[in-house]
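My request is simple: use the sequences and hints to build the entire structure.
In the order they appear, the protein sequences are chains A and B. Numbering follows the numbering used here, in which position 314 of the first sequence is assigned residue number 314; successive positions increment by one, without gaps. Add 363 to the 1-based position in the second sequence for the numbering used here, that's all there is to it.
None of these hints come from the bench; they were simulated from the model. Watch out, some of these pointers could steer you wrong.
Said to hold, decoys possible - From the structure, some residues in chain A lie toward chain B, with a derived Cβ separation under 8 Å:
1) Phe178
2) Pro269
3) Gly276
4) Ile277
5) Pro279
6) Ser319
7) Leu339
8) Ser343
Said to hold, decoys possible - Here are a few chain A residues that sit away from chain B, every Cβ distance over 12 Å (derived from the structure):
9) Leu160
10) Ala214
11) Asn295
This structure is a prediction, so every number in the text was calculated from the model and none was measured. For every residue, glycine included, the Cβ atom is placed at its ideal position computed from N, Cα and C.
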Amino acid sequence: MQLVLERRAERSTKIAILSPLLAIALTLVTMSILFAILGKNPAMALYVYFIEPLTDSFTLMEIAVKATPLVMIAIGLSLCYLANVWNIGAEGQFIMGAVCGSYLAVVTNGTDPGPWVLPAMLLMGALGGALWAMIPALCKVRYGANEILTSLMLVYVADLIMDYLVRGPWRDPQGMNFPTTASFDPVATVPTLFETGRIHWGALVALIVVALAAVMLGRTIKGFEIRVVGAAPRAAAFAGFNSKRLVLFTFAVSGALAGLAGIIEVAGPVGVLQPGISPGYGFTAIIVAFLGRLNPVGILIAGLFLALTFIGGEGAQISMKIPLDLTKVFQGILLFYVLACDSLILYRIRLIASPKKAIHGTA
Amino acid sequence: MKKLMMTAAVAALAIVATGFSASAAEKLKIGFIYLGPVGDLGWTYMHEVGRQAMVKELGDKIETTYLENVSEGPDSERSIEQLARTGHQLIFTTSFGYMDPTLKVAKKYPKIKFEHATGFKRAPNLGTYSGKFYEGRYIQGVIAGKMSKTGTLGYIASFPIPEVISGINATILGAQTTNPNIKLKVIWVNTWFDPGKEADAAKALADQGVDVIMQHTDSPAAMQVAAQRGIYAFGQDSDMIKFGPKTQLTAIVNNWGPYYIRAAKAALDGTWKAEDTWDGLKEKMVLMAPYTNMPDDVKALAQKTEAAIIAGTLHPFKCPVLGQDGKAVECKGGANLDAGQILGMNFYVKGVDDKFPGK
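Here you go:
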């Protein structure tokens, strides 16, 4: 007997929907075993991870706060990836957006310039991210440089530019030399939605972005163009779609979204520009984009789910003393199973009898 | 799968029905926010050792929780608030960068007691605590001045906040007492904990002729590099002798346990007040690891210096203190710089071979 992977003649929608569910179920089983080995009650641990954060308004809001940048960045990335354009540098675009937007907050600090500041900051953030993304895009279109490398390398450049600014010219004079700008004025801060809790208007912006992306991909020529260029470049060329222009377009949009996410994060929950504003959102968003199968609604769900594992992991540390490392193992196992189960969409597993082996086996 | 889901659902319901906090009503819940992993063997590790000492002393009167690897960015406010809303009555936040988030949460939960390590912002329910680590730095300087053959010391620094600056200055002031021509090179790694960067900095210093390395970062990586290169180093935060049995001269050991026990006892019997605690060698918040790998006369000198600091007859920042430009700094504390000048230190003293960051 032998197990073989056999390519499916056609894709089954049933499997496509079942595959992530199967992945989550397998993750839960694996984690339960791990919890049991650690001497923790698996049912209780899973409850703390997945259910408890959903039962309380504080943690619900924190999930939204955490998911906001992830979803916004991942939407932009999904456009790139659908068009077969590999922007890996969203982290850098996020940072440059934060830097460009923060410029206004820093120069107007303490002067009470009026309500135009915040919209202008958001605009500059989006612009900053888009311009930063234009560098790898232009290098690819003009010189054929590999955008995976160039966009990734620019992450570190962006990081160092921010570092220089908050340690040098933009440093808070009252900050005891700590590398941070002064706290943003209230007019330069994204308002929270409610009196209590940290959920802010950025969460609504993320929802709007999801809706716009869904409409664009499903209903417009541009969305069609993105998908055709990604799936069948030759056909797209015959149809008159310009793949170079599309590279610029997708990079610009994803850079702008990452930049917008950056300035919203800085002007929202953080309130200052400082190193460490992103615990790797730009990279985690790549996982979110693929977990969400490059589909806007899927990305929204995936972003919320990943945020849930962060918040739930913290809850597990507090109430069950489960180490943080296990939360990371958890996320890793989840991604592993998702990718593994995805192969079931393209392949089917078949058990075939192999007579020679059988004879050998009994001998 | 169906069966699994059902089991989970039933279990969840059972938990909801019985409730979580029935048993914890009597105990005082104490929470800690850690910057690094508990296994960093430096800063965070020593807070963890302090927490364990507290648990050992107070046993089942308290229940403790820690959150590790909490970055100083947007996540820290949530993490602190998570502790506040899960019934923790006394919360220690153990890194400088948690200052503003701790203050925010403290204002929101006026009945909960907060203690922030190494910060300077206080509130009626927010105290601060720190060690006079510069006292240990001074002793290290005295030793390094004797032990260095090249006359060049290397310093791996994290962020140019006053605590780090005062450590650098105390080191060179101590070293100048045993070698007036000593030089001190500084490398800023801009992180508290990144073993890779710390090791790179140690290698770069060794390549520049440095033969004694000190650090204000949290991992033993620099100690290991020094051991490979056959030069000396000082441990930081904890006794790192395991990582350099022939390398470590001594180490500054952060001894938080007694303070944590004191604060927890005060919270238990209702006498807790938000205070500004700043203890040194005398109060044993700062300890020196055994003096090793040095000749007896250097060891005797180090012990003498330590005893003098404890007795109060020697102050590392005894006036006159000369700035990098050679001019004496204003002396606000009479014979020494005063606490405010040390806690807000914002200049290099003469002899530091580095441009002051950002100036």
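Verification of the hints:
1. Phe178: holds, 5 Å
2. Pro269: holds, 4 Å
3. Gly276: holds, 4 Å
4. Ile277: holds, 6 Å
5. Pro279: holds, 6 Å
6. Ser319: holds, 7 Å
7. Leu339: violated, 20 Å
8. Ser343: Because about 19 Å separates Ser343 of chain A from the closest Cβ in chain B, which is outside the 8 Å limit, the hint is violated.
9. Leu160: Incorrect as stated: the minimum Cβ-Cβ distance to chain B is 10 Å, not above 12 Å.
10. Ala214: holds, 28 Å
11. Asn295: Given that every Cβ of chain B is farther than 12 Å from that of Asn295 of chain A, nearest at about 24 Å, it holds.
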